[in-house]
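*Asks:* Letter by letter, the chains look like this.
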Amino acid sequence: MDGIHDMGGMHGFGRIPIEDDYVFDSDWQRRSFALAEALAPITPFGTDEHRQAIERIPPSDYLKLDYFEKWAVATESLLKQAGHISQDELDVGAKLFHADVGDRSPVTGPELVQAMKQGVPLKFPDDSQPQRFSEGDVVLVSSESPYLHTRLPRYVRGKTGLVASAEGVFAFPDAAVGGVGAPRQHCYTVAFSSETLWGREAEPNEVIHLDLWESYLEPA
Amino acid sequence: MNNNDGLGKSDGEPHTHDPSEKGAARRVQALEEVAIAKGLVDPQALDEIIEYYERETGPRNGASVVAKAWVEPDYKTWLLGNGTEAINHLGFSGFQGEHIKVVENTHEVHNVVVCTLCSCYPWPVLGLAPSWYKSSAYRSRVVREPRSVLSEFGLEVPDEVRVEVWDSTAEVRYLVLPQRPPGTNDLTEAELAGLVTRNGMIGTALV
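Note that the protein sequences, when read in sequence, are chains X and V. Just so we're aligned, residue 1 is where the first sequence starts under my numbering, counting upward by one. Just so we're aligned, residue 221 is where the second sequence starts under my numbering, counting upward by one.
FYI, nobody ran anything at the bench for these hints, they're computed from the structure. Please read these numbers as outputs of a predicted model, since none were measured by experiment. There may be inaccurate statements among the hints.
[To be verified] Here are the simulated EDC-like pairs of lysine to aspartate or glutamate, each with C-alpha atoms no more than 20 Å apart in a straight line:
no.	chain 1	residue 1	chain 2	residue 2
1	V	K354	X	E19
2	V	K258	X	D103
3	X	K64	X	D20
4	V	K258	X	D91
5	V	K296	V	E324
Please model the entire structure based on the sequences and the hints provided.
*Replies:* Set out below in structure tokens:
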């Protein structure tokens, strides 16, 4: 989705707010973070769905809302989409109907913390999918700009880069959330020179790396 | 040196609150109350999640990884070859740290990490990301003009040093291995870890 979230290379945002050096600045931000983590297994939703829900926030709101308010908006929209809560309930802050979550139940604190410490297996065996590219290959990045979720930023589309490493086989978020493309693919770290990306405006002697799934790439 | 642990507010200028923040607080409170009333969430679990991230993750974990790499050449080789395994070996693992690649600063290369699309960050070794890392300015500019961005952080990288930017667009998370500061030969591993800052491991500072 060509949304405001895809910010790489945009002009106009000014100085880095280095003084904003905190993780949480208010308790509601802590609660928003924890709610997203705790509600994910029961709704259910994953990281890709939550990201996509944030990306769907209209650009003017995206720029205005605090980071953790965007998390809350995304969590609300996923719960509403699943039919577990309604906007009326959020407006009054009270339960108005019973949520049918099937055989799922709220995950306890110790279970959640255990899962967080273990992490989620994201990688599949290297030989589980054919591998089209290897280190040193020159690749051309796709110019496709899908309406649905993608992890291919605008600023490298149509550009030529060098495969720096093959990172293995991972689930493809565009397929997981949008249903488009092979569900598991090799993913590569691709290096781009700053001149390739920014032309004469580029600063000297810089290389920008992105991790890109195989279907974003063609041989150059 | 910035000894801020990355959690809570740093010293210095008070943060200016957005006037809409009251609305955000109310919004999150309503979501929490409805989710609890409907039996979707265990209120105690929320406290336990927050406590876990604030107490058990954070830049101190990453600093101990860096210090070990500085004193043990074999560990450094392992860390640069298979960051995930070498980091797991020290007991750090979990969400947003399932696949970690460690990139080394040298006299020829300076590395800096970003996520232009959202806020990807290696939670088990650095904790949750600081606010500026998620800002529109950092995300938009560091892939386009990293030298200018680093200069705002007070870091002037000479033109002959190549700047390598790592945009975390997939499942790999990045940790910068800073150069060991000169004159630290007499320090213990624990003392060295005390020198390593969060920004040093993002790449927006030297150590």
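*Asks:* Indicate, hint by hint, whether the structure satisfies it.
*Replies:* Each hint, compared with the structure:
no.	hint	verdict
1	V/K354 with X/E19	13 Å, holds
2	V/K258 with X/D103	15 Å, holds
3	X/K64 with X/D20	16 Å, holds
4	V/K258 with X/D91	15 Å, holds
5	V/K296 with V/E324	10 Å, holds
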